[in-house]
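J.: Counting from 1, position 96 in the sequence shown corresponds to residue 96 in my numbering; the numbering is continuous, with no gaps.
Since the hints were derived computationally from the structure, they do not count as laboratory data.
What you were told as hints is all true, and nothing was included just to trick you.
Pairs of lysine-lysine residues, derived as DSSO-like cross-links and limited to a Cα-Cα distance of at most 30 Å, are as follows: (1) K188 / K168; (2) K72 / K18; (3) K168 / K86; (4) K21 / K52; (5) K86 / K52; (6) K18 / K52; (7) K21 / K86; (8) K72 / K168; (9) K18 / K86; (10) K72 / K86; (11) K72 / K52; (12) K72 / K21.
Just so you know, these numbers come straight off a predicted model, no measurement behind them.
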Amino acid sequence: MAAGSRAPVALIVFNRPKLTKQVFAAVRAARPERLFLIADGPRAGAAGDAEKCAATRAIVEEVDWRCEVQRKFADTNLGLRSNVSKGLTWVFQHVEQAIILEDDCLPDPSFFPFCETLLERYRNDRRVGVIAGTSPDSEQALPPDGESYRFSRYPHIWGWATWRRAWKFYDDAMTEWPHLRESYWLAKIGLHGSAANFWRSQFDDCYSRHRDGLDTWDVPWNFACWEHDLLSIVPRQNLVTNLGFSADATHTKRRTTMTNMPTSPMTFPLAHPASVARNEEADRWVQANVYEGSTPMERIFWTLRLPIPIWFVRRVQRWLTRS
Numbered sequence: 001m002a003a004g005s006r007a008p009v010a011l012i013v014f015n016r017p018k019l020t021k022q023v024f025a026a027v028r029a030a031r032p033e034r035l036f037l038i039a040d041g042p043r044a045g046a047a048g049d050a051e052k053c054a055a056t057r058a059i060v061e062e063v064d065w066r067c068e069v070q071r072k073f074a075d076t077n078l079g080l081r082s083n084v085s086k087g088l089t090w091v092f093q094h095v096e097q098a099i100i101l102e103d104d105c106l107p108d109p110s111f112f113p114f115c116e117t118l119l120e121r122y123r124n125d126r127r128v129g130v131i132a133g134t135s136p137d138s139e140q141a142l143p144p145d146g147e148s149y150r151f152s153r154y155p156h157i158w159g160w161a162t163w164r165r166a167w168k169f170y171d172d173a174m175t176e177w178p179h180l181r182e183s184y185w186l187a188k189i190g191l192h193g194s195a196a197n198f199w200r201s202q203f204d205d206c207y208s209r210h211r212d213g214l215d216t217w218d219v220p221w222n223f224a225c226w227e228h229d230l231l232s233i234v235p236r237q238n239l240v241t242n243l244g245f246s247a248d249a250t251h252t253k254r255r256t257t258m259t260n261m262p263t264s265p266m267t268f269p270l271a272h273p274a275s276v277a278r279n280e281e282a283d284r285w286v287q288a289n290v291y292e293g294s295t296p297m298e299r300i301f302w303t304l305r306l307p308i309p310i311w312f313v314r315r316v317q318r319w320l321t322r323s
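Put together the whole structure using the sequences plus the hints.
T.: Next comes the structure, spelled out in C-alpha cells:
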C-alpha cells in the first residue's frame with residue numbers, strides 16, 4: 001500500500017512496548033493518511049508501569065510518513081473498558097469510519113485494503129456494523145466457496161473496522177438489558193439452550209458490575225450490535241493474529257481456539273456474497289467452539305448452567321490436564 005491507506009487508523013496501546021513495536025510496524029507499512037493514537041496511563045503502584053507506558057508511547061510517535069496524527073494520552077490509568085470506549089468515541093467525533101487495532105493485534109498487510117474496500121461498500125448499509133479481521137480456523141466457519149467473506153452475528157474485535165453510525169449505539173451501561181432480559185429477547189434473536197445461558201451470564205455480569213468498573217468493553221459492544229441488529233463481516237482468511245495471550249494481558253490469559261492463529265493474505269478483488277445474510281451454520285460452530293469453549297467440560301457447564309463460576313471449571317480442567 002505504497003500510496004497509503006485512505007481509511008483512518010486508530011491504534012490503542014498501553015504498556016507493552018515489544019508487542020506495540022510489531023503492530024506499529026504493520027501500521028507504518030500501511031501508511032494511513034490519518035492516525036489516532038489512544039494510550040492508557042500507568043497504574044498507581046504498579047512497578048515499572050510508567051516506564052513501560054513511556055516506552056510504548058515513544059514507539060507510536062515514530063511516524064515517518066505523511067500523516068495527520070491525533071493523540072489521546074491518559075495521564076492516569078483509566079482501565080481497558082474506559083480507555084477503549086472513550087477513545088473510540090473520541091475518534092468518531094472526528095471521522096465517519098476507522099480501522100481499529102490494539103497493541104497485541106498483528107495484521108496481515110491485506111487487512112487494511114480489505115477493511116478499506118468494505119468500509120466504502122457498506123458505508124450506508126445499516127444492516128452491517130463491523131468488519132472483522134479475525135476468522136476461526138475451521139472448515140465449519142468458512143463462507144461458501146468463492147466468497148471472500150461471510151456475515152455473522154459475532155463482532156470479533158481483534159483487528160476490526162466500523163463506522164460512526166454503528167459506534168453511536170455503544171452504551172457502556174447496557175441500559176436496555178433488564179427489559180430485554182425479561183422479554184426473552186435472546187430466544188427471539190435465535191439463541192437457545194447453552195448459547196442463551198452463556199450470553200445471559202455475560203450480559204448479567206457486565207450489567208450488574210458496571211458500577212464496580214468491570215474492565216471489559218467488548219460485551220457492551222456485542223450487546224449494542226445485537227440490540228440494533230448489526231451484522232459483522234468475517235473474512236475467509238484469518239487476517240489478524242492476536243499476540244497477547246500472556247500473563248501480563250488484561251483478558252487474553254487463557255488460550256482458546258483463536259490463540260495465535262496464523263494469517264494468510266486476502267485475494268483481491270474481493271468476491272462479495274450475493275446477499276447480506278447471516279451464515280447460521282458457521283455461527284453455530286463459533287458459538288460452541290469459540291465462546292462456550294473448546295472442551296467438553298466447558299460445554300457441559302453452559303448446557304446445565306451449573307451454579308459455580310466458569311473460572312472454577314477452567315481451573316479444575318487445567319488441573320486434570322496436568323494430572
